[in-house]
Structure formats: structure tokens, C-alpha cells
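Protein chains in written order, with the numbering used here: chain D, 1 to 282; chain X, 1 to 279.
None of these hints come from the bench; they were simulated from the model. The structure presented is a predicted model; accordingly, all values stated were derived computationally and were not measured. Do not take every clue at face value.
To be verified - One-sided and incomplete, this derived list gives chain D residues near chain X with beta-carbon spacing under 8 Å:
1) T65
2) H91
3) I93
4) Q98
5) Q99
6) L106
7) E110
8) R117
9) F119
10) L146
Claimed, not checked - Computed list of chain D residues with no C-beta within reach of chain X, every gap over 10 Å:
11) R83
12) R84
13) R124
14) V142
15) R143
16) A215
17) T246
Don't be surprised by glycine CBs; every beta carbon is placed ideally from N, CA and C.
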Amino acid sequence: MAAEVALATGSSPGLALPVVCSDLHVSFGAVRAVDGISFHIEPGEVYALLGPNGAGKTTTIRVLTTLIAADQGEVSVFGHRVRREAMLVRHLIGYLPQQLSADFGLTGYENVWLFARLFDLPRRDRERRVREVLAVMGLDDVRDRLVRTYSGGMIRRLELAQALVNRPALLVLDEPTIGLDPLARADVWERVRSLREETGMTVLMTTHYMEEADALSDRVALMHHGRFRAEGTPARLKSALGPGSTLDDVFRHHVGAAIEDEEVSGGGRDVRSTRRTAQRLG
Amino acid sequence: MSAARVAPRSVSAEPGIAVATLPPWWRMYPSRVVTFWLVELRKIRHDRSELYLRAVQPVLWLLIFGETFSHLRAIPTPKGVSYLAYLSPGIMAQSALFIAIFFGIQIIWERDSGILTKLMATPTPRLALISGKAFAAGVRSAAQVVVVLVLSVVLQIRFDWNPLHLIAVAAFVVLGAAFFSCLSMTIAGIVLHRERLMGVGQAITMPLFFASNALYPVRVMPGWLQGLSAANPMSYEVDALRGLLIGTPSSLLLDLGVLVLAVTAGVAASASLLPRLAR
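Isolated chain X (complex conformation) (with noise of 0.2 Å):
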């Protein structure tokens, strides 16, 4: 065992000030958020277990739901789009939602065996360590986009394959996965524990789902309803991936900048709770 190799940065060159150095704070955020970034597609590369089963989802939905309600022809939809392609993006952002909206069981789970503790030991302020868990989130999502783009050709959907567009699609699901992470942390904040919160998120998925778009097109909804889905962040994000993907006419200026105002104010609610977590 080597000294040097372990000694203490010089504490004493100046007696008794101890020296260090901290980056400023519009170099400190984004390494962070990177950092967790990379650690969660670590995680990812050594067990796909998790990958796999999320994508029973998609395709039950896509085969089962999908192909009846196409027969069915119960649902409006617009010019020259089939059902299915209609349905596509939806489900894209929903299978996303469900892997995010319990992400919070990870920072309980993280609380309860002490990692989340080490880490907010650690010079990462609590935005950032939010931010990092928030976009990780996004990270593991992202992977039911390529799900459903594969579903799409074995469906013989006509999705546009422009580069570009699959690109922003993937921002967009990224976006309203860190949303929806953030969402389930500021209630891991509030309810502590991980039944509780297993409980808050049943609840909340299936309204947040069907208070969207995802599934029909907002105007065959009651005035009430459309009202809800017009709060809902999940409605703009289906709405971008569906300009995107099957080009129907969307606003994707103003999904963005919805997305974008949700995750700010998701996380810095979760980061305010973060202290509830620690103690």
C-alpha cells in the first residue's frame, strides 16, 4: 500500500486553510447531469432484462388495442392517417410515461440504502442531482422510441424516417419522461415510501393517459376533459411526436416550450423536497 497514492490534498501549505476548488456552477450542472447520464446507460448495458419486458408493453397495446380498434373504425382520425399510424406516437409517449411515472421507487429505494445520501454528500446541488435522475430517466425511456419504430415497420406503418425528426422525436420523449420522473420524485418527496408511492402512481397513469390525446383526438372529448388534457404536459408531447412522425399538423413551438416550462418546475419541486429524503 502505497502513501502518496492516498494522501490528503495539502490542507496545510497555508496553515489550516484547506484547499479547494469548485467549477463554476454553468460547468458544474451540465457535468453532472451528464454524469448520471452515463451511469444510468452503464446500468442499462449490464442488465437488459428490464429493456425487454418494458417493450411487452408497446406491442400488446399497438397489436391487441390497435389492431381491434382499427376494425372498429370508432375513432376519427384525421385525412389519409390509419389508426394505427394515429396511435403509434401515443403509444410511444405512454410506454415512456409508465417507465417514468416509477421512477421515483428508485430514489426511495436509493434513500433506503444509503446511496442517496453519499451522493447529496457530494458538491452536486440538489437541481442538478434532480436534473441528472430526471434526463437518466429520459435515457431509459428513450429506448421504447426504437420499440415502437420497429413495431411501425413490422405494422407497415408510415412513419417519416427523416433523421432529423427521429432525432426530436427522441428530445420530445426524453422531455416528457424527465417530466413525468420528477412528477414521481416530488412524490417519492412527499410520500417517503415506496408502497405509498407504488399506490399514488397506479392512481395517476391511467388519468394522465386517458386525459391525453394519446389515445383519440382531443375534439371527441367532453369540454371538462379537453380542458384536462389541454393541462396535461403528455398531450403536447403526443402532439409533437405525431407532427413529427405521421406529419399531422402540430404546434411544435409551443410543445416544446410547454415541456421545457414542466420539467423546470418539476424539478425544482423535487429538488426542494430532496432535503425531506435525506433526513
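Okay, chain D solo, but in the shape it has when bound (with noise of 0.2 Å):
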């Protein structure tokens, strides 16, 4: 009886792997953003999508995060369907989108605190919560300052504590370090990294950055036109091609071309908004 509902509502409570992505397609117009992926992530694991600008990466995201509806496929996040049980899928997320989505009419402790009560922290917690945060980002001497006046590290940072106030159970990371300066890239890597390290937590992210992609994720997929052309750990995608080759040659070898030359092909709205990040992030 209980395995039946399970299967009947898409969840099988023994096996509720943080994602499990099947088939999944999407749609613009004629274009096929994503074009039948499926890929499952362990608990605990980090696990990147990389590819090129218009590859379907932020769609897929988009999709896994309840924002839009696929097409054809299915997604669930620790064994709850995305379109079902949006509601409860959202509260297990913590999601940092590609633009810089913090506001900058109000203070860091004040963006943090937002969030706060939109996850239903209740009140007791929800001060202390956002301080602890807040501090876990580096961030304690500058909360009460307007969003305005930080650097593009610091807004990254704080979109990180954003996305943490709520302990999220998998984190999603779409291109966190996009326009950031080679600086302020590695310390949000580093925090990702120790977060990571300390809490266990499960993280899937975007980037088109190969080399920290090596660095910080146990398995990447290789994404180009909406498919995947590779997945699997770096060191054995790597070792396949043969001795020293780096995560770049992999992606040459399976998609035929060099990422930066890919990097014009995304739509018009993926390239206006990457430069209008890089542009706010002065």
C-alpha cells in the first residue's frame, strides 16, 4: 500500500535523492532550450552543469527551481515533482540566481531578513538566524549599510546568505561568480567550498568557468544545445582523453569547439543580462 503511493505520487521515500531530472524537455517558440536530459544528483554531492551561454543550463535551473513548466519530463527534488508540490520544493531550496537579484534600496541585514520571513522563520529564530548568516558571509560589519554601497563581491556574498538563511537542503548556484574580479571569484568558491565541506549540504550549480568546475564539483555534465554530451567525476572525463589533459579539452573534445568561442551564441536576453550583471557589478 505504501509502496503504491508512493510511486503514485512520484515519491519513493526510501530512495528521495536530493534531484532526479528524466527526460526533461523545454521550449521557446521553435527553440529547444533543453533537449531531453536526465541526471540524477547523490546527497551531499556538487554537481555542475557547464556549457556555454544558450546551452539550457539556467533553463534546466529554471525548471528544477519551479519557475517554469517543462514540457515533456519529469523533475522532483527529494522525491517531491516540481509542478505538484512547487510549494513544498521551494522551501527546500535555496536559489541564487545569475543576475544580481539583491536589492539595493535596502540594507544587507534587511535583504537577508526579507528572506527570512518568506521562508516562515519563525520569529523567535529569525534575528538570530539572519546575524549567523550574515557572519558566515563575512558581512557583519557592513549589514546595516544600503546594498548600493558594496562591492559586486559583497552582493554575492550576501545573495549566498540569502539563499542560506533558510538552511536549505540543496542549493542551487546559477553562474555564481559571473562578472565577479579574479578576487572576489575565489572567495565566493572558497565559502562554496567550506560551506560545502562543513555542512555537507548539496549543491547544484552553473558555470562556465572550467577550472573551478574542476576544483569544486565530484561529478559535471557537459551541456551544449540543450543535451548533454558528457557526464561524469572531472579526473576520469579527464584521464579518458589521456595524461594532462584539463577540463577545457574536454569540453573541446565532445562539443568540437572551445567554450569562449561558443560564448556569442547564447540568446539575446542570456547575453544582455550576463552584461548587465558585470555592468551593475561596476
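Put the two chains together into one complex; each comes in its own frame, and the hints tell you how they fit.
As C-alpha cells, this is what we get:
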């Protein structure tokens, strides 16, 4: 009986993996943004979707975070189907979108406080929790300053604090270091790395910085034109190509071009939003 | 950096089942509206420049248009009511309309900047998100109540200062602004671009204002315009404000009913278009 119920609702309690995605298709008009991908993420794993702009990474993430509907296929988060149980799924996810999403007209504290309220943190825990995540992200001293006075790296850390305030079971990071200078980039990755080491949080991220994916992820998927071209641990993908290969070489091998050459192939809106993010970061 | 501080909630206490407690909708909905409302208050507190700039418009309308038309005696007013007194509730509603009708720009800005995406990925029902935004617009517009009240003292307009009436006035202005901001967000959901929204906003603001009882009594209008005015929530808002502030005969219950219905329809319409903005 229990098994039947589990099957009927699509959730199998014993095996509820952080993410299960099967045969996902998403089209925008004639454009097949995601064209039949399947993957799963193990508990505690850092899983990276790699690919140029327009590869379908962000679209995949938007389905997973309940923002858009899939045309075909099924995605579940900890056993909850993203369409049917959207509210539950949202409750479990911490999401950092590609664009800079902090509100510049509020202080750092208020930005995180807003999300603490939107995730229904009990009133008695709220203030303590907001201060905690701000401290973890090293924003203690500046929490009462308006965000418009923050540097790009500080804004990204603030957004991480927002994404963490509800103690998400799954952290979703869409191009977390886009537009940042190398130092700020290294800092953001360092924080993600230590979060992961200390908490064992499951992380799904997208990036087009190969060396970062290599250093941080347990497994990566190379995505191009809405499809997976390869999937596996960075070590295995590299060794399959021969000694001394980098993840960049792996990408070139599977996609037939270096990722930089493809950068302009993303949709107009995608490129525009990337540039805007970079611009806002100064 | 301490580990326990950011640890995820125990997801695997029961193997594989993620624990999440969602409050029931009747607690969540008002809580979200209050949240957006508080955030708007914070924003106003951090940057009051818009508030001051917005105060210019009602001042100009009452001082220039109001004074001139008072002297012209062109517009019939109820017995014993000066034209300035008759006009000022209309200007209160109008200046709130002008703020609310461009609120959709904020939604488009939030969409372009990624704020909206992130809000929509939180456990916030679409209806609650839009209601929250609509009442945030209401808060911003309610500042105009204060502006016109202060002006009324300067211009020696005799208002009813009964606190209950003033609270009701604020409530009606908030409701009116909530409706017009929903209208604006609905248009935002259709046109999706700031420039187009500006264009549509400009195009409908004046007709909304002139096809209402804000400047002149409905009975001086031609029949077709009276029909438009009767379908315009603005007219009901002004009717209520006049009744409360200068004691002209008004149908408060009807006004309230129409505005509540209009807000409900507006929230539903813009919430149904929200997924278009999320794409």
C-alpha cells in the first residue's frame, strides 16, 4: 500500500535523491532550450552543469526551482515533483540566480531578513539566524549599510546569505561568480567549498569557468544545445582523454569547440543579462 | 566559520525524506503581504527623495488649477462647498493614481535584475506576491494623503479631521492605489518592456483621471462619459474620499465594495500573468 502511494505521487521515500531529472524537454517557441536530459544528484554531492551561454543550463535550473514548466519529462527534488508540489520544493531550495538579485535600496540585513520572512522562519529565530548567515558570509560589519554601497563580491556573498537563511537542503547556484574579479571569484568559491565541507549540503551549480568546476565539483555534465555531451567525475572525464588533459580539453573534445568561441551563441536576453550583471558590479 | 550555523535542516533523519513545514495559506497570505509592506516602508525610510518629489504634483494642482478654477466659478459644487474643498479629495486620489500606475515599472525592473526570479523561487504563492506588491504601492501612495491634508491647512480648506474618517481615507487611498498598481502590473505582464509600459501608462492615466469625478461632478458630463465614469474605480474612490473629508453625500459601502472587487480582480489578473515575467 505504502509503495503504491509512493509510486502514485512520484515520491519514493526510501530513495528520495536531492534531484532526479528524467527526459526533460523545454522549448521556447521553435528553440529547444533543453532537449531531453536525464540526471540525478546524490546527497551531499556538488554537481555542475557546464556549457556556454544558451546551452540550456539556466533553463534546467528554472524548471528545477519551479519557475517554469517543462514541456515533457519529470523533475523531482527530494522526492517531490516540482510542478505538483512546487511550494514544498521551494521550501527546500536555496537559490542564487545568475543576475544580481539583492535589493540595492535595502541594507544587507534587511535583504536577508526579507528572505527569512518569506521562508517563514519563526519570529524567535529570525533575527539570530539572519545575523548568523551574515556573519558566516563575512558581512557582519557592513550589514546595516545600503547594498548599493557594496562591492560586487560583497553583493554575491550577501546573496549567498539570502540563499542560506532557510537552511536549504539543496543549494542551487546559477553562475555564482559571473562578472566578478578574480579575487572575489576565489572568495565566493572558497565559501562554497567550506560550506560544503562543513555541512555536507547538496549543491547544484552552473558555470562556464572550467577550472572552477574542476576544482569544486564531484561530478560535472557538459551541456551543449540543450543536451548532455558527457557526464562524470572531472578526473574520469580528463583521464579518458589522456594524461595532462584539462576540463577545457574535455569540453573541446565533446563539443568540438572551445567554450569561449561559443560565448556569443547564447540568446539575446541571456547575453544582455550577463552584461547587465557585469555592469552593475562595476 | 562555524559548521553548525549553516547546516541544512536534517534531511535524512528519516532516510530520504526532506522535512519542510509550510504554514497554512491563511497564515502565509497575510504574512507575505505584511512582509512586502514592511520592506516598502524600509525603502521609503532609506530614500525619501521620491516622497518629496511626489508631493510637488498635488501642490501644483491645488495651487494653480484649484485656485484658478475657484475664481472662474466654472464648476458647480454642492451647496456650501468651495471648489478647492471639492477638488482636494480628487487630487488626493489622482496623485495616488499617478504613483500606482507606474508601479509595474518596478516589477519589470525587478524582473530584469533577477529579484523577481528569486522571490518567485521562495514559498510565496503568486497571489500573495502580487497582493504584497499592490499594498506596497498603497503604502507609497498613502503619503499623498498626508500631503493633501497639510495643504488643506495651508489653504484653509475645512476638512473633517475625525480620526476615524482619516483612517478610512487612508484605507480608500490604499485600496485605490492597490487597484491601479495591479492594473500597471497586469500591463507589465503583457508588454514586458519598460518603454512600452511607460507608453501605455501615459496613455491611460489622463483618461482615467478625466473620466472620473475627480475634477467635476458627474452630472456635468455628457452621457457616454458618465458611463465611463461609472465603470472607473477612481470615481468610487473619490466619492468615498469626498464623503469622508468634506461630508458630501456618498455611498461608502458601494464604494468599498467596488474597490475591493476591483482589487481582487486586479490581483488575479496580474498574478495569472506573473509566469510570463518569470520566463
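Evaluated hints:
1. Restraint check, D:T65 versus chain X: the minimum CB separation of about 4 Å is within 8 Å; hint holds.
2. With 8 Å as the threshold, the beta carbon of D:H91 comes within range of chain X, its nearest partner Cβ sitting at about 4 Å, so the hint holds.
3. This hint holds: D:I93 has a C-beta 7 Å from the nearest C-beta of chain X, less than the 8 Å allowed.
4. Taken as an interface hint, D:Q98 checks out: its beta carbon lies about 7 Å from the nearest beta carbon of chain X, inside 8 Å.
5. The closest approach between the C-beta of D:Q99 and any C-beta of chain X is roughly 3 Å, which is under the 8 Å cut-off, so the hint is satisfied.
6. At about 6 Å, the closest approach between the beta carbon of D:L106 and any beta carbon in chain X falls short of 8 Å, and the interface hint on this residue holds.
7. Here the hint on D:E110 is kept, as its CB sits about 5 Å from the closest CB of chain X, short of 8 Å.
8. Satisfaction of the interface hint for D:R117 is found here, the shortest Cβ-Cβ separation to chain X being roughly 4 Å, below the 8 Å cut-off.
9. The beta carbon of D:F119 is positioned within 8 Å of a beta carbon in chain X (closest approach about 6 Å), and the interface hint is therefore held.
10. Interface hint status for D:L146: upheld, as the beta-carbon distance to the closest one in chain X is roughly 6 Å, under 8 Å.
11. With a closest Cβ-Cβ approach of about 12 Å to chain X, D:R83 is found to remain outside the 10 Å limit, as its non-interface label requires.
12. With a cut of 10 Å on Cβ distances, D:R84 stays outside the contact zone with chain X, its closest approach being about 14 Å.
13. The non-interface label for D:R124 is consistent with chain X: the shortest C-beta to C-beta separation is roughly 15 Å, beyond 10 Å.
14. The Cβ of D:V142 sits about 15 Å from the closest Cβ of chain X, beyond the 10 Å cut-off, so the non-interface label holds.
15. Once the 10 Å rule is applied to beta carbons, D:R143 is consistent with being away from chain X; the minimum gap is 14 Å.
16. Under the 10 Å C-beta cut-off, the non-interface status given to D:A215 relative to chain X holds; the minimum distance is some 19 Å.
17. Separation of D:T246 from chain X is adequate, the least Cβ-Cβ distance of about 30 Å exceeding the 10 Å criterion.
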